[in-house]
Structures are given as C-alpha cells and as structure tokens.
Amino acid sequence: MKLNSICSFVLIASVFVGCNQSKNSESETKDGTRKLVIGSTMLSMQNEFVVNVSDEMEAKAKELGVELITVDAERSALKQVEQVESFIAQGVDAIVMNPCEVEASSPAVKLALDAKIPIINVNSETTAKPTSFVGSDDVESARIAMNYIVKKLGGKGNVIMMHGYMGQAAQIKRDKGAKEILKANPGLKLLAEQSGEWDRAKAMSLTENWVQSYGTKINAVFAQNDEMGLGVVKALEAAGLKNKIIVVSIDAIPDALQAVKKGTLDATVYQNAKQQGSKAIENAVKAAKGEAFEKEVLIPFQLVTKENLSEFLK
Amino acid sequence: MTETILQIKNLTKSFSGIKALDDVQLTIKKGEVHALMGENGAGKSTFMKILIGLLSPDSGEIVFEGNTIKNSTVNEISKRGISMIHQEILIIPELTVAQNIFLGREKEILGNKSGWLNDKNITIKAAEFLSELGVDIDPNIKMKYLSVAQMQMVEIAKAVSNDATVIIMDEPTSAISDREVSALFKIIRDLKSKGVAIIYISHKMDEIFEICDTITVLRDGKYIATKSASELDKNSLIAMMVGREINNMFPEPVLEKGEIILSVKNLNKKGKFSAISFDVSAGEILGISGLMGAGRTEIAEAIYGLSPADNGTIHINGEEIKIKSPQDAVANGIGYVSEDRKRLGFIPQLSVKQNLTLASLTEHCRGIFIDNQKENVAADQMIADLKIKASGRNQKVTHLSGGNQQKVVIGKVLAASPKIIILDEPTRGIDVGAKFEIYKLINSLAAKGIAIIMISSELPEVLGMSDRIMVLSKGIQTAILSRKEATQELIMKYAVQ
Amino acid sequence: MGNKLTSRFRDIGQYGIFLAFVIICLILAFSTPKFFTVSNLMNIGTQVSINALLAFGVTFVIITGGIDLSLGSMVAVTGVLAASFAHPDTYPLIVPVFIGLAGGLAIGAFNGLVITKSKVPPFIVTLGTMTIGRGLALILSNGRPISNLSDSFNFIGGGNILGIPFPIIILVLAFLICSAILNKTILGRYMYAVGGNEPAARASGIRVNHVKMWVYTICGLLSAVGGILLTSRITTGQPNAGAGFELDAIAAAIIGGTSTSGGTGTMTGTLIGALLIGVISNSLDLLNVTSYYQQVVMGAIIIGAVVLDSMGKEKS
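Chains as they are written, first to last, in this note's numbering: chain A, 1 to 314; chain B, 1 to 497; chain C, 1 to 316.
Please note: incorrect hints may appear among the correct ones.
Below, simulated DMTMM-like cross-link-like pairs (lysine to aspartate or glutamate); rule was C-alpha separation at most 25 Å, straight line [as the list claims (entries may be wrong)]:
id	chain 1	residue 1	chain 2	residue 2
1	C	K34	A	E58
2	B	K142	B	D119
3	B	K144	C	E198
4	A	K244	C	D151
5	C	K34	A	E193
6	A	K261	C	D89
7	C	K119	B	D119
8	A	K289	A	E58
9	C	K117	B	D328
10	C	K117	B	D119
11	C	K184	B	E210
12	C	K119	B	D328
13	B	K322	C	E198
14	A	K179	A	D114
15	A	K261	C	E198
16	B	K396	C	D89
These aren't lab readings, by the way, just hints derived from the structure by calculation.
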C-alpha cells in the first residue's frame, strides 16, 4: 500500500511538473494580466460521478479563462491533505476540494484558510467550515428515494437497504434520510440492511444471497448508489423477481438512466454533477478575485422515473 | 570411579509404526568424551533430538544430574545444562559474535531486567568466554564474516556461557580444516578437564580414536554396545556398526579403458583457475585432489555450465562443444553430482521418484503429459539398482538418510544416461557402510563405459578409486599422477606446491 | 481402513483445511435452512468462480516461489478491453473474448519477462504492473464504465446450460485443466522443482526461466478469464473492478495449503480455499450479519483454518 502511494506520488509529481511547464508558458494571458490558477483535489477519479463533476469544472475553468490543476486523492484523506499542502506551496489562487472524509479531510480546509487561500468544498462536507460549500444535501436524496418506495407500496411492505462504504459521509447521510422516512411510515418493515461497498459485483452477490434468504418476501430495495442499484437489478432479473420488486437508487449515472428507460430500474435520484462542478469553479474564481459569492450553494435533487426521463437523457 | 551425569534407559520412539529407537540406553560420565557411533539411519539424530527436547520419546527414562527429565522443552533442557552444537550451525549472520552468543538469554546472562540492551556489556562478557576457551575471535565482528570453524567456536562459547555440563557435537569437523580440527580438540580436552561431558558424533574413525574415551554404537535403532575406546580398533568398530567386517573399503577397479570421451584444453576462469587441461576416457575414473580453495569445484561447475569458464575448449568425442548452462551440459551427456547436496542436489518437497526422474522427465512422457506408469517403473528400477533404502518411491527425500539422499541425487543424474559424470565429494557426510556401496556403484558405472571425474578431499578415497589423479594447487594443475605412482605423500607435495 | 483414509488425505496435504470446510458447512447447514439448497449452492459456485480462477493462477505462481499482485488490475484491464469490443451488433462474440484473453496473456508474459530478465523480485515487479494495469484500465475506458454489451457476451457470466450457471462450468473446466497441468505435465513437475529448490532445479538442467515465463503467462490468462467473466456478470467493463482481488486469491491459495515459500500446493486445496471464503461470505449474508462483523469473522476463520491445517500437517 505504501509503495502504491509512492508510485501514485511519482505520477502526481510528474503531473505537477507538466502543469508547471504549461503554467510557465500560459500563465500570462495575451493582455498581460496573470491567469488565475485553481487547484482541485478529487475524492477518486475512478468514480464516474466524480469524473463528471471534474469534467464540468474543467469546462467551466476553460470558459472563465482560469487554469485548473486536478489531482486524484484516491480516497485517501491523508493524500488529500498533502495535495492541498502542495497547492499552498505552489501558491495557487484558490482550491476546490471534493473531500474524502468528513473529519480526516478537515485539516486541509484549515491549512488553506491559514494560508489565506480560499477553499471550496464540492459535493460533500468537512467538519471544518470552508470558504464556500457547493453540493447537495445527501439526506434529502435518500428521503426522495424512500418516499418513492412509500408511494409505490402504498405505505406497506418489506424493504431492504444496501449501504455504501460504512462510515463515509454519503452512506451516513443516505442512511439517515432513509431511516427518517421508514420511521414516519410504520407500515414499512426494514427486512435487512448490509453494505455493498458502492460496488456493482458486490451488490449482485449480496442480492443473490438475500434472494436465498427472503425470496418473494422482499417488496422493495433501496440501494444507496446506482452502481449497486444496477447490481441489484441484475441479480433480481436472474432470479426472475424483477417485476415483483421495486428498486430505487441514487446518482442518475448514464447506465442507470438506460435502466430506467428499459424499466428494470424503477427510479433513480439525480444529483446534478454539472451544476456542482460549474458552481464550485464560479465560487472559487469569485473568491480569488475578492468578489462577492454565496457561502453555501445547495443544488436540489430530482427524482428520475420513466415519466420524466427525457429531461435527463442527453 | 567418576560420577554419572546423564543416564538414559529403555528409550523407545516410533514414527508412524516404524521403530526409530528401540530400547536404547546411554550412560555419560562427568568429564568424558563419549562417541555415539552408527551408520546413517541408525537412530543417532532421533536420539539426540529426544535428548535436547525436540522430540518426546514413547517410553524410557532420562536422568540428568539425579533428576528425571520429562516433557521438557528445548529451552528448559538447555537451561539445565545440555547443549547441542548442530551440524548445520544455527546463527544469525547479521548479528555480531557477542550478540549471537547471548541471543535469547540477554536478560538472564547479563542480569539486566529492563529489556534495554547494553551491547558494551555483552561484548565484554563474550570476550571473557572466548578467551576462557582460548579462542581468538573479535566479539564485535559480524557472524557472517567468520569461517565455519570460527562459527563452531562461537557455538561452543555459547554452550559454555550457558554453564552446559553436557555438550553434544554433531559432526563438528565435517566442514573444517585439519589445523582447525586440532584447535577444536584442544578446546574439547580443556572442557573435559573442567568436568564437562561431550557426546561426540562423527563418521571419521581417526578422530574418534584420537579424542574419545568411550564409544557407544547403535545399529538400526538398537543399542549394540558401549566400550572403552582402548578396547577397539577401526575394523572392530566398523564391524560393530555395520554388523559385518569390511576388509577392503575399495572394490577392485575396472581395468578396461575405452577411447577418450572428454577432453578439456586450457580452461581459464579469472580468480578461480587457469590453464586446466586433461582427458578422461570411457570407463576411466579421474580423481581430482587438492586443498580447499584449490579450484576443484569451480572446474566442475565450469564444465557443467553452472558458472562457465572465461575461455578454453571442451571436446566430447572429439567434437568441440560450447557449454553455457546446465541444459547444454545435460544435452551433451554430462551429469553432475554436487558437493552441496542440500543446495544443488535435490528438491526437498518432492518424493524419491520425482527427484529421480527430474533430469530425465522428457523420457517418461506422452506429449506434454507425464506417463505415470513409465515413471514409476523407471523410479523403481533405479531404487533397486542403487539399493536406495526408502519406504517407497513416494517417500519424501528429506526423510531419507544422507547416504540414501546421495544415492537419489546420483540416480537422478544416471537417469539422464550421461556419458560423463562429475562427482564432487560423493561420500561427504555419509557413513562407512553406505560409502562402500557408493564406491561399488561408481565402479559399476565405470564398467559400463561412463567416464568419471571424482573430486574428493579424502586422500584414501582418491587413491583407492582413481585410475589417474589430477592434483590442483591454487587454481593451477600441478600434476597428473597414475594409479601406480600416486601416494598420499606425493599428492600432498603437489597440493601445497 | 480409517487409517488408510486419513493417510490419503495427508498425502493431499489438506486434511485440516478439508475438515474445516466440512465443519463450517455443517454448522451453516444447521444454522440456516437456506444454506443447503440447490439454488444457494449454485449461487455460491457462481460467486466463487472469479476468485477461484484467479486463485488457480496465483497457485501456480506461488508454487514456483513467486507472487503476483497484479491479478486485480489484470481483471480490470481485460474486462475493459473485452467490453470495448462487446457492444451489440459490432463483432462476433469470439472477438471480445479473444482480445480480453490476449490482453491477460500479454500482461502475464510481461510480468514473466521482467522477472526472469531483470532478477527483480516478483513482489516488486507485479506491484508495478498492478499500478500500471490500473492506469491502463482507466486510460482505455476514460475512467468511465463501458456498458451496453451484447446479449451473447452477457451470457458468459449470466447464462446457464441445463440449469447450471455458465461461470460454474468455466470454473470446473479451469479446475480440471489446472489440476492436469500441475499433476500430470512436465511443466507442473518443474514448477514444484523450481519452487522447492531453484538452484537444484537449475543444476538438474531445468530451464528455470522458461518455467517462470509460463507460470506468469498462465496466471495472466486466468486473470483474463476472470476479467471477462466479471465484466459479463455485471454487464459493464469497470476500470475500477477487481481492486483487492489479488489478496482474496492469494488468501484462497494459502488457506488451501499452498506454502508461500514455494514448492508445495495443490489445485484441490486452492479450490477448497476459494469455496471456504465464498461459503463464509454467502452465509454471513444469509444470517444477515452486519458487514462490520463480517470482516472480523472472515479474518478469524481464515486464521483458524490455516492453524488447523498446519496442526494437521505437524501430526503427520
């Protein structure tokens, strides 16, 4: 693991070298004013949603004519803090952070604020308060998903919940939202809950095992992200139970939208990666220039079903 | 009458139904050097393993200094004062001499309870023990820089520092020079005068008669007799060990020689040997003699391709061949039995059969698949031909005695039907009876027309077996002697030239 | 009779682990009626198949005294490669399968080549390949899952023949072939020899480097089969798939009695090791044990099984 991070460090270092070179050549715009530099550290560039947010940030940065250096924290809060440290050392004008963890990524926020560099948290929160937060309230997303199940089942039935990585902010909040709705609807029984670790293959195995345990007793499954939701769907289809069980998940990734279109996934909850990404860059640029900006930007979630699918399909 | 310090009675131990030790007894007196003799497989090592607590006996009694020892661990027994100097010395190469001496006993020996190490203190203590033994070794030097003999001295110092009253020495002279042997014997005599008893295990007859007071013989796991060394001579001792008299160690040599098979010309390897030239004919045994470090093994490894020579030529049947790897050597009909049986000889995890066929596996298969039937037949044939004592072809090689392991290694080489076999110390660490069998085997190979090169440190062996003897000194060949002219004195003269 | 039976098991060298497996299965069968049903057993077989394939590959490697940490990454690369050519109405099924396998073969051969030519320890080389492989998978997929795969491709991981899931059929075939390679071919014998005592194997005229090349290449190929199976099962080529798979595979091999110092190990042992891991995780799900506890239980059972196994070996 240590070597792994050394390897990645070398890679990142070479990315920095590359960026520095481009900085030397491009940091002076044609009219002679200095180009703003924003550093961004992302939770994991192996996660599709994060990649989407990052792509949108890139696009927005280009549009506003600022330079964006993006690095991958590979889900390690320690690495993330180190990356922010090197951003500070490089003297970037603003930092956008997609935090790995609520607590462990907090020191990065403090470091940036101490260095008087504005830091914007995108997508998820840290305990330390950043210059600005752009994201959505994960608790709300789970409420939306669970309410859909309540509506579909008429407030009565057996539900199974599949968690993400235990202890991560998204898992904790989505769990909280879902449990709130369950509490308000005593007719719904939580049959089982277990972690699928955000992973499609794991979710599939887990569902196969649940089918063995509970079979047709299951009325609905709430998976905390689409990857897992799609795994659930796959396993239920194989068991011939899909048309009897409702499956809802969160994120509205392209695969999930396709599944909603086919009718295999009943609903997903759209989290607006585009808006999060562009808003984060907007705020970062404003903060760097000393202009006024919003302290907290909450981008609303939307339920996606077959009915309103066309709005979300590109 | 000196007092008895250790008494073992009616000791019996079986492994999966086979008795390794059957009602064995041993009485050791204070201050005596007691030889434990027997062929490999006689039960000596099982016996010693029980004594030091590595194995527990099925029945029997061990009385040490008046107390019965039962179910004791290796640690407890060494604390009571029985220590063993193993054949393969167990040391930590990266630690210093002093650190090795006190390893695992830092607290007790140094009276240091805190757990903090005081290397200076350890070094002073170690120096005391070493000088007490009259050994000149710097306690601060790392163990890996010592010679085998020096490591042995350190092991003895370790035993002495442990207040050992009985020290078991397993083949202590197997890897050290004559001069070092006399230094070792001086220490043994010294320990003896202090009342320490030594159990001495060795195959070397001369040493036994030089240093030991009493001799106990085991055969096939049974106690044969305990006699005073002065009552015995070599022949009567051998007779006790093998249960029969061996009058002539060396079988009659083969007289018919064929054409020259292997011809080596002007072989050089920088820092190892230079200008080596010799021929070997079919059916001939060429002995190679010389002191340690004379380049004997290096020449063998060069011919076999393990570490090829820098230049020079090798002809087989008049045709020049290039040997860059063992595969080339095997393809050209050369076989090699290494002096380092454990490292280069066999694969411990594999069975007797699997080791025997390892170098000739392609002959026992259909396509890429091994033909079990064929392999079994070949292995059984070889086991019978070489008289390998094993419970069956599927027994693991590690469970065999040294002599039988050696036979397996020779069998593996033979199975590839070589024209030339290089035997490097073929009888090292092998007992008398098995030695004789190996000699007979070598002669029978020569009779079949195989050219044999035999490297040996034992002069009687070289003289008894070889048709011609090449003598090396510091990497240079100083003589090739015929069987008729060769004597121990002449060989030594050329070896130190 | 009983004696003969036990000595047979001892020969296989997995008496302890086999016993542990049977005991755990019995306990599970009694604690939940859902465990011992045909559908659940099929279920376990399918879930075990990918790990078992990787474990077979790494068993070869470990027997020669090496290690391969790049399995998980190879799964990802080959999965993404296969998925790229498996969209409906593009190429016939043979194309993605062939390309996936070729990818695994190439990476495996690369491992073998570097290890034999450079003399750098396999641990370091495959650690490097692990990172390179992960990067390649992300590059090939632009960091996004490749979905929309053809039905014929999805049959590999999701279909069944006569009610037997296709992954189980692949698993059984792979087991038979791997066992045959290990027990019945010259190559298999040489693997044991190289791992048992490399200098002696070399001195016996065995081409040690050839053996190692083969071993890493076979391991790559099996990883590719695993990668294709996984991709087909989840109907997407995921660049982040297979992370940590190498550890599960190595665990299965070691639980099954393969010694990390080389020279010993059997495919049957590895299969039982993989099944044991699969059965445990399946039954903990059935019993609805929270995932916090699952990890603890899994670790404890792994250690327990190996302890039992080594005690069994000591007795013999």
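Status of the hints after comparison with the structure:
Between C/K34 and A/E58, the direct Cα distance comes to roughly 51 Å. Violation of the 25 Å bound is thereby established for this hinted pair. For the given pair, B/K142 sits about 13 Å from B/D119 by alpha-carbon distance, which is consistent with the 25 Å threshold. Among the hinted pairs, B/K144 with C/E198 is consistent with the structure: their alpha-carbon atoms are about 23 Å apart, no more than 25 Å. Our distance criterion of 25 Å between C-alpha atoms is met by A/K244 and C/D151, whose separation comes to about 23 Å.
Simply put, C/K34 and A/E193 have alpha-carbon atoms about 18 Å apart, close enough for the 25 Å limit, and the pair holds. Only pairs whose Cα atoms come within 25 Å are accepted, and A/K261 paired with C/D89 is accepted, the gap being roughly 20 Å. A hinted pair counts as satisfied when its Cα atoms are at most 25 Å apart, and C/K119 with B/D119 does not qualify at roughly 37 Å. Distance restraint check for A/K289 and A/E58: the Cα-Cα separation of roughly 19 Å lies within the 25 Å cut-off, and the hinted pair is therefore satisfied.
A distance of roughly 19 Å separates the Cα atoms of C/K117 and B/D328; the hinted pair therefore holds under the 25 Å criterion. Distance restraint check for C/K117 and B/D119: the Cα-Cα separation of roughly 43 Å exceeds the 25 Å cut-off, and the hinted pair is therefore not satisfied. With a C-alpha separation of about 54 Å, the suggested pair C/K184 and B/E210 falls outside the 25 Å cut-off, and the hint is violated. With a CA separation close to 22 Å, the supplied pair C/K119 and B/D328 stays within the 25 Å bound.
A hinted pair counts as satisfied when its Cα atoms are at most 25 Å apart, and B/K322 with C/E198 qualifies at roughly 23 Å. Of the pairs offered as hints, the one joining A/K179 and A/D114 is violated, with about 38 Å between alpha carbons and a cut-off of 25 Å exceeded. Restraint check for A/K261 and C/E198: the C-alpha separation of about 59 Å exceeds 25 Å, so the hint is violated. A threshold of 25 Å between alpha carbons decides the hint, and for B/K396 with C/D89 the separation of about 58 Å lies outside it, so the pair is violated.
Checked against the numbered hints listed earlier, the structure breaks hints 1, 7, 10, 11, 14, 15 and 16; every other hint is satisfied.
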